[in-house]
Amino acid sequence: MTATKVSSKNPKKKVEWAEDPKIGFAEAIYLPAIAAGLATALKHVFFKKRLTAQYPEVEPEIPPNYRGVHRLNRDEEGRVKCVACYMCQTACPAKCIEIIAAPAPLDDPKWANRDKYPATFTIDELRCIYCGMCEEACPVDAIELTSLYDLTGLSREELIFDKEKLLSVFDETSATGKDPVRTLRGKLGPASEQSTTASNSPPPPGGGRHG
Amino acid sequence: MSWTELWTEYFPLLWPTLVAIAFILACVPVVGLYATFVERKIAAAVQDRLGPNRVGPFGLFQAVADGIKIFLKEQIIPSHVHWFFYMLAPCISLMTAMFALCFMPFGPVPTEYKAGFRMIVMPGLDSALLLMFAVSSLSVYGIILGGWASNNKYSIYGAIRSCAQFISYEIPLGMSVLGVIVVAGSMNIETIVDSQQSIDGISNWNIWWQPLALIIFFTSALAETNRLPFDLAECEQELVGGFHTEYGGIKFVLFFLAEYTHVVTISFMTILLFFGGWHFPGLSGPVDASWQAIVIRLIVLLTKVGAVVVLIMLLRWALPRFRFDQLMGLTWKGLIPLAMLNLIAVAVVSTVHLPKWTMAIVSLVLLIGAGQWSASQLQARLRRSNVLKAI
Numbered sequence: 015m016t017a018t019k020v021s022s023k024n025p026k027k028k029v030e031w032a033e034d035p036k037i038g039f040a041e042a043i044y045l046p047a048i049a050a051g052l053a054t055a056l057k058h059v060f061f062k063k064r065l066t067a068q069y070p071e072v073e074p075e076i077p078p079n080y081r082g083v084h085r086l087n088r089d090e091e092g093r094v095k096c097v098a099c100y101m102c103q104t105a106c107p108a109k110c111i112e113i114i115a116a117p118a119p120l121d122d123p124k125w126a127n128r129d130k131y132p133a134t135f136t137i138d139e140l141r142c143i144y145c146g147m148c149e150e151a152c153p154v155d156a157i158e159l160t161s162l163y164d165l166t167g168l169s170r171e172e173l174i175f176d177k178e179k180l181l182s183v184f185d186e187t188s189a190t191g192k193d194p195v196r197t198l199r200g201k202l203g204p205a206s207e208q209s210t211t212a213s214n215s216p217p218p219p220g221g222g223r224h225g
Numbered sequence: 058m059s060w061t062e063l064w065t066e067y068f069p070l071l072w073p074t075l076v077a078i079a080f081i082l083a084c085v086p087v088v089g090l091y092a093t094f095v096e097r098k099i100a101a102a103v104q105d106r107l108g109p110n111r112v113g114p115f116g117l118f119q120a121v122a123d124g125i126k127i128f129l130k131e132q133i134i135p136s137h138v139h140w141f142f143y144m145l146a147p148c149i150s151l152m153t154a155m156f157a158l159c160f161m162p163f164g165p166v167p168t169e170y171k172a173g174f175r176m177i178v179m180p181g182l183d184s185a186l187l188l189m190f191a192v193s194s195l196s197v198y199g200i201i202l203g204g205w206a207s208n209n210k211y212s213i214y215g216a217i218r219s220c221a222q223f224i225s226y227e228i229p230l231g232m233s234v235l236g237v238i239v240v241a242g243s244m245n246i247e248t249i250v251d252s253q254q255s256i257d258g259i260s261n262w263n264i265w266w267q268p269l270a271l272i273i274f275f276t277s278a279l280a281e282t283n284r285l286p287f288d289l290a291e292c293e294q295e296l297v298g299g300f301h302t303e304y305g306g307i308k309f310v311l312f313f314l315a316e317y318t319h320v321v322t323i324s325f326m327t328i329l330l331f332f333g334g335w336h337f338p339g340l341s342g343p344v345d346a347s348w349q350a351i352v353i354r355l356i357v358l359l360t361k362v363g364a365v366v367v368l369i370m371l372l373r374w375a376l377p378r379f380r381f382d383q384l385m386g387l388t389w390k391g392l393i394p395l396a397m398l399n400l401i402a403v404a405v406v407s408t409v410h411l412p413k414w415t416m417a418i419v420s421l422v423l424l425i426g427a428g429q430w431s432a433s434q435l436q437a438r439l440r441r442s443n444v445l446k447a448i
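Those protein sequences? They're chains R and P, same order as listed.
For the first sequence, the numbering used here assigns the number 15 to the initial residue and increments by one for each residue that follows.
For the second sequence, the numbering used here assigns the number 58 to the initial residue and increments by one for each residue that follows.
These aren't lab readings, by the way, just hints derived from the structure by calculation.
Be aware that a few hints might be false.
Claimed, not checked - In silico DSSO-like cross-links for lysine-lysine, where the CA-CA straight-line distance does not exceed 30 Å:
hint: 1; chain 1: R; residue 1: Lys109; chain 2: R; residue 2: Lys177
hint: 2; chain 1: R; residue 1: Lys36; chain 2: P; residue 2: Lys210
hint: 3; chain 1: P; residue 1: Lys98; chain 2: R; residue 2: Lys63
hint: 4; chain 1: P; residue 1: Lys98; chain 2: R; residue 2: Lys57
hint: 5; chain 1: P; residue 1: Lys98; chain 2: R; residue 2: Lys62
Please work from the sequences and hints to get the whole structure.
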């Protein structure tokens, strides 16, 4: 309880006095307060919902924009979407991404419209801080953080994910409908489109994730 | 007298005691472990959680798992402790706690002597209550020794607090029980329970005649168990773990078995002294007329005791911990004068043979008077401090 009083020394200054609560008979014999405390405890025992999450049996509902295990997206042709531009590796504050780029195989017609692709793409999941800067940096939306949260392993080596593993995360999450909300699956982003006309042509509308 | 004669003469007296002792020895660890389980479940329920539910159905084997884990723990004795007293302290704690149980009927016991098994270790003991309080108050030695032998400032703080608390709360505890003893005319617990018998089974319980004594008794007994809101000896926020900071494994568990044994003891005492023991509406006739009568009364008694145990565990979550000066003020300024006045009132009513209901009225008048007086004192103090503030 507070009461505003005027200080005798400086009448202009308002002073807030904290006043003790009134103490009457009920407070002096403690018993009503004890009964009230017990009533509160019993109210929780009988009328409140249990909040415990029964984790292994009942999985929690993870928000779709959760930042969990990474995945490497595939394009419509099943190729890795990544163009090995090193943007994510450069942006990564934890330095957990390691990419080795290679020119796209020229003799393979599947890769005809691509210049570069990642020969290896490894992410140390133990080093990662799940900040999401890699997926922000990625110009082609190739790397994304999924809502998979229960990442465990028996060794450190097991949790260094290579390209195949990261692609399998994509297969798993897209098959089970756990795509992140940020995803632009299927279509390649603007930076990966080979310019068919003039080099200064604008990117296709709606193609970029910020567009 | 030959050995055979001695045997045939004394064995009928000996075996019921041995069986009762064995029963209590077997029950204490089990009850202690399951009391921990129940406490955890209640704590969880109050805090909107589920509590232990992984081991066995509803987590019922959690107590067993805890027991196995504790017994298999490495025995660590810190290098800076006084070895002998360090080891002795938990033993004293548990020993005194269990010793107090042997004066307590754990089932319906008839007042008149009969050969054979009875659900008490020492039946028909005329100084049972006195001995019981004498022995259970010895348990403070376990705490003081444990705190001192640990050679740790937090432990000794806890032990000293506990010591002061025990000494203070012994007084109202004893005096509140004296009122019951005066009315029953005996310190024999079976006789006190028997004196609460009536035709309807409920109207003669001591709670109706001496509610104030019950409040004082229960408060002081709760303080004796060192549990919240009186657990200053081990308050985690200030004293790490209090007197048991340096204890681990089985030694730690002995302290906690002692605590839970105390809880069970005071629950039994509350029921036996104030709530009519095994008496209940609808139950009449001699206690041990048939085995059904015994079983029903046993269930009645244990249900009542269980309710008090649950109440004590709920109180832990209902009340904040006392500050030490409040704790001491409560007993020296509140409970002791009240207990004394209550005892005088009961003695006067019993001596001049006033009807029993006057006792209840006096009891309530004392409670209300104390509340009013205390409120007026507190208000006067507030006025004084407000006057000071206004200047």
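Evaluated hints:
1. With a C-alpha separation of about 17 Å, the suggested pairing of Lys109 of chain R with Lys177 of chain R holds against the 30 Å cut-off.
2. The hinted pair formed by Lys36 of chain R and Lys210 of chain P fails the criterion: a straight-line CA distance of about 39 Å is larger than 30 Å.
3. Between Lys98 of chain P and Lys63 of chain R the CA atoms are separated by roughly 15 Å; this keeps the pair inside 30 Å, and the hint holds.
4. Between Lys98 of chain P and Lys57 of chain R, the direct Cα distance comes to roughly 15 Å. Compliance with the 30 Å bound is thereby established for this hinted pair.
5. Using a Cα cut-off of 30 Å, the hinted pair Lys98 of chain P and Lys62 of chain R holds, with the two alpha carbons roughly 15 Å apart.
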